[in-house]
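Student: So the sequence lines, in the order shown, correspond to chains A and C.
Per our numbering, the very first residue in the first sequence carries number 1; after that it's consecutive.
Per our numbering, the very first residue in the second sequence carries number 1001; after that it's consecutive.
No wet-lab data here; the hints were simulated from the structure.
One or more hints might be untrue.
[Said to hold, decoys possible] Only pairs whose alpha carbons sit at most 35 angstroms apart, straight line, appear in this in silico DSBU-like list of lysine-lysine:
id, chain 1, residue 1, chain 2, residue 2
1, A, Lys-149, C, Lys-1117
2, C, Lys-1108, C, Lys-1179
3, C, Lys-1179, A, Lys-149
[Stated by the list, open to error] Listed next, the stretches of chain C that the computed footprint assigns to chain A, with coverage defined by at least 3 CB atoms under 8 angstroms from CB atoms of chain A:
id, region
4, 1210-1218
5, 1233-1243
Backbone N, C-alpha and C fix where the C-beta goes; we use that ideal spot for every residue, glycine too.
Protein chains: 2
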Amino acid sequence: MKKQSMYLKTASYFPYLSIILAALLCAAFSGCTAAPAVQPDPAPDSDFTETVYQVSTLNALMQGVYDGEIPIGQLTQEGDLGIGTFDGLDGEMVVLDGRVYQVRADGKAVEVEDEVKTPFAVVTFFDPEQQVQLTGLEDYAGLQAELDKLLPSPNMFYAFRIDGSFDYVKTRSVPRQNKPYPPLVEVTDLQPTFEFQDVQGTLVGFWCPSFVEGINMPGYHLHFLTEDHTAGGHLLECALTEGSVSVDIKTEFQMLLPQNEHFALIDLDESLEEEIKQAEQ
Amino acid sequence: MKKQSMYLKTASYFPYLSIILAALLCAAFSGCTAAPAVQPDPAPDSDFTETVYQVSTLNALMQGVYDGEIPIGQLTQEGDLGIGTFDGLDGEMVVLDGRVYQVRADGKAVEVEDEVKTPFAVVTFFDPEQQVQLTGLEDYAGLQAELDKLLPSPNMFYAFRIDGSFDYVKTRSVPRQNKPYPPLVEVTDLQPTFEFQDVQGTLVGFWCPSFVEGINMPGYHLHFLTEDHTAGGHLLECALTEGSVSVDIKTEFQMLLPQNEHFALIDLDESLEEEIKQAEQ
């Protein structure tokens, strides 16, 4: 069912990490016969290679903090791959190869101007350590089970990019909201969903560790964009025919909190675990 | 009981924040009669003025991840005020005016070489927006109640510096541990404590919002250093005779996760709320 063409790139400027990960990955993969070459890079390009950058907190978005915080032109200074939404909860964001796409409430995707703002986004400079080929995965649960095998530790962040052909993809988007903003669960209760058959495209997103609860959602969060960049959305279900999975281990996290009164005054104490599951899955 | 000589500095490069905070602070202080001058600064010194920088997670430290992660010389590139500990849990860290002090298990403080590493630390470049004078606070709870009034929102980070004379200060430190490292609660059960009477000194530290649970401790976390920089520790109790409190509102958070196998393999899923209270208070 599964072909592996695994390779390890140098784990950036973390000399220890690459060795640990090589050991862990070799232990995790029973089919792994050759130790990957490990050459710590003495001259990193940037301090932020391993950083996941987030605007706001997911709990704030859940509670309706939808006003755009920073412009897209600033967001793309912090990463070239990621997910999010737009000012007023105006659709689903897909960041791919440094370009930012808005999947509108009708499922159509358009490229976004730098001036548009985002109230919530998670991006990173994608620099994968590993790539595997996957085939014949019947559902999203099956894909997640395969992706799980690529995570050497439950205590780090991971960015994913999956380019492939899909028998089936189901996504959702969200329509722009007016003030007073309703909570996200009220919006997603009425969310438009979209189904794609025999489609080529890309999934991008993150796996977050359990300790981000309250700030983001532990586990997977992926968005989809068709190969021609005309449609997509927040991933709800998929069947992968064949695809290439790239994974980027992330060991730094940076978060920008909103500078508006709505965020300053809301009650973020309560756990929204159940509501997040309902809104995101 | 309390004198206030409050002022608002320009809230750095966040034009909205300063206005919000001025409004919120005026609402919060019944004795506030004049609106503070608000002049957004168009040319910030640095992108990182408002960032709280953290090494590791508090839950990892609780579980005994005590191996030093980054050297002090690197930590001080990320902040000039803060708290933490050292490789092997070797004492309490106080960062003040860019200098890093180690309060050893005997309560004595020494300045630390750049090469020493830290497994857990929280630092920031201290740039306070507000300063108040406080007098005659009988205990730490009373101090916290006064500090609470300086927090315009429960959803941000705050850094504090309190220079003053104290009737009484009680601190603790922790002795260097050997492998296999025990959990922090086992160490703090046997912690040496120190009492100071009629002492001049400085408290430094942070207030963290509820959503950091799992990553850090919600609420206050302060460390003490005597005026002559020869003693101090993790604050357990105090009575403030008279002092100047400076508070710096922080709206960015950055976290570096450890690159070692111990961190990679521990179970961070369980809530350690009760253990953290026991260890830190």
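Student: Between the alpha carbons of C:Lys-1108 and C:Lys-1179, is the straight-line distance 35 angstroms or under?
Tutor: 24 angstroms, holds
Student: So if I understand the rule, the pair passes when the alpha-carbon distance is 35 angstroms or less; does A:Lys-149 with C:Lys-1117 pass?
Tutor: 33 angstroms, holds
Student: Would you check chain A against the region 1210-1218 of chain C, counting CB to CB pairs closer than 8 angstroms, and say if three or more residues qualify?
Tutor: This one holds; 6 residues, not fewer than the three required, reach chain A with a Cβ under 8 angstroms.
Student: Are there at least three residues in the region 1233-1243 of chain C whose beta carbon sits under 8 angstroms from a beta carbon of chain A?
Tutor: Answer violated; 0 residues pass the 8 angstroms Cβ test.
Student: With a cut-off of 35 angstroms on the C-alpha distance, tell me whether C:Lys-1179 and A:Lys-149 pass.
Tutor: 30 angstroms, holds
The structure fails to meet hint 5 from the earlier list, while all remaining hints are met.
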